[in-house]
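A.B. asks: In order, the protein sequences belong to chains A and B.
1 is the number of the first residue of the first sequence in the numbering used here; add one for each residue after it.
1 is the number of the first residue of the second sequence in the numbering used here; add one for each residue after it.
What the hints contain is simulated information worked out from the structure, not anything from laboratory work.
Don't take each hint at face value.
20 Å max Cα-Cα, derived PhoX-like pairs, lysine-lysine [to be verified]:
1. B:18 <-> B:261
2. A:54 <-> B:379
3. B:359 <-> B:261
4. A:7 <-> A:20
5. B:379 <-> A:20
6. B:268 <-> B:280
7. A:138 <-> A:83
8. A:180 <-> B:113
9. A:225 <-> A:207
10. A:138 <-> A:77
11. A:84 <-> A:117
12. A:178 <-> B:18
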Amino acid sequence: MWEYTEKVMDHYRNPRNVGKLDNPDAVGIAGSLACGDQLKIYLKIENGIVTDAKFQTFGCGSAVASSSILTEMIIGKSIEEVKKITNKDIADQLGGLPPEKMHCSVMGYEALEDALKNYAPEDMVDLDELRETEVREKIVCTCFNVTENQIWEAIKLNGLKTVEEVTNYTKAGGACGKCKVLIQDIIDTYYHKEREEKKNELTPTQKILKINSIIENQISAELRKDGGDITLVDIDGNRVMVKLRGKCSGCKNSHLTLKSFVETTLKEAVDPAIEVIEV
Amino acid sequence: MEKLIYLDNNATTCVDEKVIEEMLPFFKTEYANPSSMYEFAKPAGRALKEARVKIRDLFNAANEKEIIFTSCGSESANQAIRGVLNMNKNKRHIITTKVEHPAVLNLYQALEKQGYSVDYIGVNSNGELDLEQLASSINSDTALVSVMYANNETGVIYPIEKISEIIKTKNPNTKFFVDGVQAAGKIPIDVQQLGVDLMGISGHKFHAPKGVGALYINSKTVITPLIIGGHQERGLRAGTENVPFIVGMGKAAELAIDNLKYEMTEVKRLRDKLEANILKNVFNARLNTGVANRVPNTTNIGFEYIEGELILLHLSDLGICASSGSACTSGSLEPSHVLRAMGVPFTAIHGSIRFSLSKFTTESEIDYVTASLPAIVDKLTNLSPFQTELEALRNLKK
Numbered sequence: 001m002w003e004y005t006e007k008v009m010d011h012y013r014n015p016r017n018v019g020k021l022d023n024p025d026a027v028g029i030a031g032s033l034a035c036g037d038q039l040k041i042y043l044k045i046e047n048g049i050v051t052d053a054k055f056q057t058f059g060c061g062s063a064v065a066s067s068s069i070l071t072e073m074i075i076g077k078s079i080e081e082v083k084k085i086t087n088k089d090i091a092d093q094l095g096g097l098p099p100e101k102m103h104c105s106v107m108g109y110e111a112l113e114d115a116l117k118n119y120a121p122e123d124m125v126d127l128d129e130l131r132e133t134e135v136r137e138k139i140v141c142t143c144f145n146v147t148e149n150q151i152w153e154a155i156k157l158n159g160l161k162t163v164e165e166v167t168n169y170t171k172a173g174g175a176c177g178k179c180k181v182l183i184q185d186i187i188d189t190y191y192h193k194e195r196e197e198k199k200n201e202l203t204p205t206q207k208i209l210k211i212n213s214i215i216e217n218q219i220s221a222e223l224r225k226d227g228g229d230i231t232l233v234d235i236d237g238n239r240v241m242v243k244l245r246g247k248c249s250g251c252k253n254s255h256l257t258l259k260s261f262v263e264t265t266l267k268e269a270v271d272p273a274i275e276v277i278e279v
Numbered sequence: 001m002e003k004l005i006y007l008d009n010n011a012t013t014c015v016d017e018k019v020i021e022e023m024l025p026f027f028k029t030e031y032a033n034p035s036s037m038y039e040f041a042k043p044a045g046r047a048l049k050e051a052r053v054k055i056r057d058l059f060n061a062a063n064e065k066e067i068i069f070t071s072c073g074s075e076s077a078n079q080a081i082r083g084v085l086n087m088n089k090n091k092r093h094i095i096t097t098k099v100e101h102p103a104v105l106n107l108y109q110a111l112e113k114q115g116y117s118v119d120y121i122g123v124n125s126n127g128e129l130d131l132e133q134l135a136s137s138i139n140s141d142t143a144l145v146s147v148m149y150a151n152n153e154t155g156v157i158y159p160i161e162k163i164s165e166i167i168k169t170k171n172p173n174t175k176f177f178v179d180g181v182q183a184a185g186k187i188p189i190d191v192q193q194l195g196v197d198l199m200g201i202s203g204h205k206f207h208a209p210k211g212v213g214a215l216y217i218n219s220k221t222v223i224t225p226l227i228i229g230g231h232q233e234r235g236l237r238a239g240t241e242n243v244p245f246i247v248g249m250g251k252a253a254e255l256a257i258d259n260l261k262y263e264m265t266e267v268k269r270l271r272d273k274l275e276a277n278i279l280k281n282v283f284n285a286r287l288n289t290g291v292a293n294r295v296p297n298t299t300n301i302g303f304e305y306i307e308g309e310l311i312l313l314h315l316s317d318l319g320i321c322a323s324s325g326s327a328c329t330s331g332s333l334e335p336s337h338v339l340r341a342m343g344v345p346f347t348a349i350h351g352s353i354r355f356s357l358s359k360f361t362t363e364s365e366i367d368y369v370t371a372s373l374p375a376i377v378d379k380l381t382n383l384s385p386f387q388t389e390l391e392a393l394r395n396l397k398k
């Protein structure tokens, strides 16, 4: 049994604003029958204000609660305010959702986004442009029809770090699991993990220059704060020979300084294979 | 919650008062280790023996030596399957079905990763097995065929005796394991007539407590133990016997045998009544199993264009407990593998509800559920974005 908040239970028991609007100014849709949940949202917009909203949802308790509270959140708000609503706002308004159910709040957000996209008076700018997101419409998860853009947005809005989290929020990867590698790639790209690769592509000269620059500008500066210092003696492949000076020289913790500070810094910045040796 | 109408007996059952009574002395006074040598240990040892005889009778096995006690249905299945495969290491082929319980299915998927080749036999839209596919899959490398006796989600009974004959004609050396968890207490079991080599059951599905199970291993079948240690269960299952729970399961088996006639007449009548009334009164209800032969207590009904978890939550508000094949209730994102294997349409699969009765289910409970459902379905269909489709269904029903 899911641990739903009182607010979630209240909203699936007594959903607000159920149904359709005659002559709506915007209609948005998210999800599908095959995927197990679908949400339709209808908006009435007058002078840039959402004056009425109704919804129809096929889905579980948290899907209905997310839709219901969303209509309450947007009625009476200006389009500009409504545009700022995220899935996290929906979940927060409900007092939180179980992690596995976060995709329900995402569905609410997507239906709203879809409605606003379809509502385009002349002065409206394209939403994607407004959010300054790149268009990544490529489908990543074919089971649930989740695009790269949707995954990117979910990572960005909710600070998702793992494939499992992405699945909880977007459903992507939740069925056959074949796209999990792709999702990991998207996460890595988002957090710029590709640096690792580039580090290995340094030429030997570039590598020496980089190590030298890091020792002079970062490491030496740190050690000088404690009255010590370091100089680079030689580099042989991944073996970096250094000499500790000042207070560091002869300090009984100097080995610790070398391994946990100097070596770690160089490993992270240049190459994980680096070994630092005191000469 | 004041009212409780428990229609989820395929998930677990309440422990029968008579079972609790039988167990109590083995917590309080007769707590000795049955392996001990003194007089004080004799009642525990004797009780263990009696329970084994009662479980033998539930299986209708030839000898009580063919029974070992385990901790649950999953252990029984793991013991049977791994035990057979370890004994026949040169054979790498297994046949099972697409509709097995996850306790078995996930084990086969794990074994596939270890290099076994596994054929998963499909079912038709009623949930009945494709026996021709099964027959043609058996070859000289087939170590094991594994088929459940009755399906936990749909209640469909599989033709174990027929499958047993097929195996014997195709490859008499192939072992046959039957997951009997959903059959015990619901239909008569006769392992001798069925011709199976191993069958597992779980106590809590027939009014014994959770945490105890049994495995039948016929005398011609040799397996390796899963749990190695002491001499208990003839060396096949080490660990001090859980005497009170085993005693409880023995009593539950005795009661189950006595209750079979009631189960197959009265429980069946109530199930049939519930099913017929729902199909009659609820316009978007469909029976997911068609004409298939089923255990007497189970019905699986799909409510089209509405979602299962939401139905369960509304039933729960009325004190009614049932379960769903919907993706949203399982923690995974996919709907029931059983209903998908049967090809239940997407319009109904997410709104499928299983009601499973027991000997404690009353007529007034069934009437209450039947009376409550139309209002819930009305409320939820009102929420659905598929109004046109629902209207078409409504007209069709008229």
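A.B. asks: For a quick check of understanding: which of the numbered hints are violated here, in increasing order?
C.D. replies: Going through the list in order, the structure violates hints 4, 7, 9, 10, 12 and respects the others.
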